[in-house]
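Knowing the structure of chain P, use the given hints to seat chain A on it.
Read off the chains here:
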Amino acid sequence: MRISAFFVLILPCFIFFSLIGKEGNLSLPLDRKLSDGNLSNKPVDLPRHSTIDGTLDDTALKLKSKNIEERVGAAKLLGKYPGPQAGLLLIGALEDSSELVRRAGMVSLVEHFHNGSPIYEQPLAEKIFSKIADPDVEVRREVSALTPRLVPGLMRSGIERIQLNGRTLIRSIPRTLREDLRLLAQQALLDSDSIVRQNILKYHYSLRLQIKPETLVKLLEDHDIGVLLVALDQVRMYANQPGILQKMEALTAHPDVGVRSKTAKISLGLGHSFPEYRKVLRLLTQDKVDEIATLAAVDLARMGERVSSEMVDRIILYLSQARGLYGKAEALFYSLSALGPTSARVYQSLLDHPSAGMRAQAWGNHLRISSGWKDPANWIPALNDRDLKVREAVLNQVRGRVEEIQKDHLQLLSAHKFPEVRVLAAEMLLVADKQLVKESFFDLLIDESPLVRSTTLRALANLRTDGWIDLHARSLNDDEFSIQQAAMEGLLGDVKSGAPVLLEYVQKFPSSQISTLAKNELRKMGLMP
Amino acid sequence: MRVFLVILVLFLILGMGLFHTLYSVPGLDAGAVRIMQLRRVEGTLVRYPDALPSLLEMMNEKSHANFDPDPMFLDSLSDERLFENPILYINCDELPNFDFSSEENEALRLYMELGGFVYLDAGIKASFLGSDLGHSYAAWEERDEVRAWFGQIFPEKIFSPLPRNHEIFRTFYKGLPDNEYLRLEESQKRLPDTVLSFVEQEKWPQGTYSLVGMKVKERLACVASPICAMGWGRDEFGAWIPPISFRIRESAEDFDETLQTASFSGQTYEVTREDGLKDEIYLIPGQRPLWVKEPAGRWRIFKYYSGEEISNYAHSFYARLGMNVFLYALLN
Numbered sequence: 001m002r003i004s005a006f007f008v009l010i011l012p013c014f015i016f017f018s019l020i021g022k023e024g025n026l027s028l029p030l031d032r033k034l035s036d037g038n039l040s041n042k043p044v045d046l047p048r049h050s051t052i053d054g055t056l057d058d059t060a061l062k063l064k065s066k067n068i069e070e071r072v073g074a075a076k077l078l079g080k081y082p083g084p085q086a087g088l089l090l091i092g093a094l095e096d097s098s099e100l101v102r103r104a105g106m107v108s109l110v111e112h113f114h115n116g117s118p119i120y121e122q123p124l125a126e127k128i129f130s131k132i133a134d135p136d137v138e139v140r141r142e143v144s145a146l147t148p149r150l151v152p153g154l155m156r157s158g159i160e161r162i163q164l165n166g167r168t169l170i171r172s173i174p175r176t177l178r179e180d181l182r183l184l185a186q187q188a189l190l191d192s193d194s195i196v197r198q199n200i201l202k203y204h205y206s207l208r209l210q211i212k213p214e215t216l217v218k219l220l221e222d223h224d225i226g227v228l229l230v231a232l233d234q235v236r237m238y239a240n241q242p243g244i245l246q247k248m249e250a251l252t253a254h255p256d257v258g259v260r261s262k263t264a265k266i267s268l269g270l271g272h273s274f275p276e277y278r279k280v281l282r283l284l285t286q287d288k289v290d291e292i293a294t295l296a297a298v299d300l301a302r303m304g305e306r307v308s309s310e311m312v313d314r315i316i317l318y319l320s321q322a323r324g325l326y327g328k329a330e331a332l333f334y335s336l337s338a339l340g341p342t343s344a345r346v347y348q349s350l351l352d353h354p355s356a357g358m359r360a361q362a363w364g365n366h367l368r369i370s371s372g373w374k375d376p377a378n379w380i381p382a383l384n385d386r387d388l389k390v391r392e393a394v395l396n397q398v399r400g401r402v403e404e405i406q407k408d409h410l411q412l413l414s415a416h417k418f419p420e421v422r423v424l425a426a427e428m429l430l431v432a433d434k435q436l437v438k439e440s441f442f443d444l445l446i447d448e449s450p451l452v453r454s455t456t457l458r459a460l461a462n463l464r465t466d467g468w469i470d471l472h473a474r475s476l477n478d479d480e481f482s483i484q485q486a487a488m489e490g491l492l493g494d495v496k497s498g499a500p501v502l503l504e505y506v507q508k509f510p511s512s513q514i515s516t517l518a519k520n521e522l523r524k525m526g527l528m529p
Numbered sequence: 001m002r003v004f005l006v007i008l009v010l011f012l013i014l015g016m017g018l019f020h021t022l023y024s025v026p027g028l029d030a031g032a033v034r035i036m037q038l039r040r041v042e043g044t045l046v047r048y049p050d051a052l053p054s055l056l057e058m059m060n061e062k063s064h065a066n067f068d069p070d071p072m073f074l075d076s077l078s079d080e081r082l083f084e085n086p087i088l089y090i091n092c093d094e095l096p097n098f099d100f101s102s103e104e105n106e107a108l109r110l111y112m113e114l115g116g117f118v119y120l121d122a123g124i125k126a127s128f129l130g131s132d133l134g135h136s137y138a139a140w141e142e143r144d145e146v147r148a149w150f151g152q153i154f155p156e157k158i159f160s161p162l163p164r165n166h167e168i169f170r171t172f173y174k175g176l177p178d179n180e181y182l183r184l185e186e187s188q189k190r191l192p193d194t195v196l197s198f199v200e201q202e203k204w205p206q207g208t209y210s211l212v213g214m215k216v217k218e219r220l221a222c223v224a225s226p227i228c229a230m231g232w233g234r235d236e237f238g239a240w241i242p243p244i245s246f247r248i249r250e251s252a253e254d255f256d257e258t259l260q261t262a263s264f265s266g267q268t269y270e271v272t273r274e275d276g277l278k279d280e281i282y283l284i285p286g287q288r289p290l291w292v293k294e295p296a297g298r299w300r301i302f303k304y305y306s307g308e309e310i311s312n313y314a315h316s317f318y319a320r321l322g323m324n325v326f327l328y329a330l331l332n
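Which chain is which? The protein sequence lines are P and A, in order. The numbers in the working numbering rise by one with no breaks, and the one at position 4 of the first sequence is 4. The numbers in the working numbering rise by one with no breaks, and the one at position 300 of the second sequence is 300.
No lab work stands behind these hints: they were computed from the structure.
EDC-like mimics (lysine to aspartate or glutamate), calculated; alpha carbons at most 16 Å apart, straight line:
no. : chain 1 : residue 1 : chain 2 : residue 2
1   : P       : Lys66     : A       : Glu253
2   : A       : Lys189    : P       : Asp136
3   : P       : Lys417    : P       : Asp387
4   : P       : Lys265    : A       : Asp235
5   : P       : Lys265    : A       : Glu236
6   : A       : Lys189    : P       : Asp193
7   : P       : Lys389    : A       : Asp75
8   : P       : Lys64     : A       : Asp254
9   : P       : Lys288    : P       : Glu310
10  : A       : Lys293    : A       : Glu257
11  : A       : Lys189    : P       : Asp224
12  : P       : Lys417    : A       : Glu80
13  : P       : Lys66     : A       : Asp254
Pulled out of the complex, with its shape left as it was, chain P reads as follows (with noise of 0.2 Å):
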């Protein structure tokens, strides 16, 4: 009986306590009650963990702790609590005497808005953005690099009430950045870390910085490559202020390539609305690394100006050179066009390149334009091209376009080794003597692809060759669909002699597979079978 009242009463209080826990409140989520099937996740011990309440309590106080590594842990436990009370807290802690606990309160206030939110509350972006002044580098990365999600909480508008002659107005207020913080954020363009600065030069424009000609001449002059790259961005904003013209002339010497290279870009992008930056593409083409100097000349050409016979050597060079289409030689090629009809000495130059990436690209705009599409000669040799992506760049170009073909010519492709070309071997039986279609369509109506087989079938029905419809309606029993289909298609292109045949096939063979199909089109033209 005492057993049985210990199930009944004490047991489910116990069990009912015991999900409760020692703060007395359920926090255990129902889901996770129920995850237990799941074998690799286990069931959390709750009862030993705390309220969030309680632990934001406790750790409140370790803040105010005189042990440094008690507010650290504080500190960096805060990071875990999103919300406002964590975060006032972590606020807080960003005045301790300690940079260890400054630095482990400032990441956890960035884990707080790991997210990608941005920070609106206007007190709290402008209290983290002051510690861009803090006297430890970790902190003032930390803030720099938290820039732009400051930015909404920093820069907000408002409206105030005036009086004007004795009447009330209400004006907005434009975005600004608080006065002492656009003092620290153009010291921090400054700052003796790089990170700092390079950080801060990124974000200036959102937070309505201008920067002073002089300062932007300094940082054009940075040791940081990272910071320098940056600020090369920014030069499109500050193009006609003083100095940063000089600048972009001296950054041609760089030793840095990389420099080099975007000092080349940006001025590129100058060179339409300001033309004396066009002394800077000028000056790099006097390059020593191929690259920048051909890059240099290309884009001088896209504003109209000469290349000379030695660039397009150079070129050619550097190109035959680059072990692949990708990157700088990339980018290159692809500009290749501003030379106009100089392209296409460049273009023959790389028709042997290493890369697949090069020649297939060189193949098929060396086809293009020098008309080389014309003759077959000029393009078989590149069908028997390793790479795939090269034959096909050969056979888009030609396809369609080739007037005639001699009977060798049709003869190599149609014995070709790779089935791509077979097909196109059919395709050009359309612009094939008669009597050279006579000698050859049967060797590839019995080719090993199919496709090579239904295209041949599709050529023979377009010209109506001798015997043409006997070979379709015989087609129609074919193993391969593709090539039922083919030859119902061809049948259906003739009315008078061909629809009439196919017709016959679908009443004598109903069940076939292709003879649904065939119905249908045959309805269609009003033929009923």
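This is chain A only, laid out in the frame that chain P set:
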């Protein structure tokens, strides 16, 4: 003097022969090694399109290797071109599924037996990452799908963790990137202090990482890693893309007690460590891990760091590691 000349000539001949063996592949016109990449269907998700070409370009710049920077894409492992090239790269996160036909499995088996090398990027992936492809987590075992797949190819073999002293980690680069490599001034902080010490001591000690491998005929024929391709891409000016952040473990004096009782409503996941024991990861599903209980009873918190310096460092590490793996594959 004559003996010296004879030795010199012999060395030159041997050297040229070795170079030819290492860097030329039959069937290639210019002797450039072409890396094959499996892309199942055109139009499927391509996570890091700049990654492999950038890495190949970097290998060409930094070493004497000669790679075609244009990878050859295969959409099926039964493609005959598989046997034309010695290295196959697969980003497992780009695969729509791990369904391979028996012909493909047979081809891959033959490929590996004949000396081919398979690099399974994202072949390691902690289960709690789910479909979030932008993460890596250094678990020390291959992902379940890879295990099941290779179980069909080599039922008799298993993946084993590569020891930290494996030569794959020092094929070309040794150790972690220093200030000079990162193009930072000597006085400049590479990383925040806590991040640097964790990286040097635990995350990537001496430039190593959690790799598992499978040997075929006593040769390491397949390597799986957490996703590394995210760290290989560069833009046309040489800047790294895309940005990468770090997850590190941090401790504090009282975490062993605090984290046990701190408010938590989520799930725990077990992840295999290097020593074969299990870490217990605390996280709220869909969010990033909060903290970890380690097998020795130590509790640590996960902290997340992002920014230029973090990203540059991570990229440098992943690119150096990727280069080590590909060059190892080429040389062995």
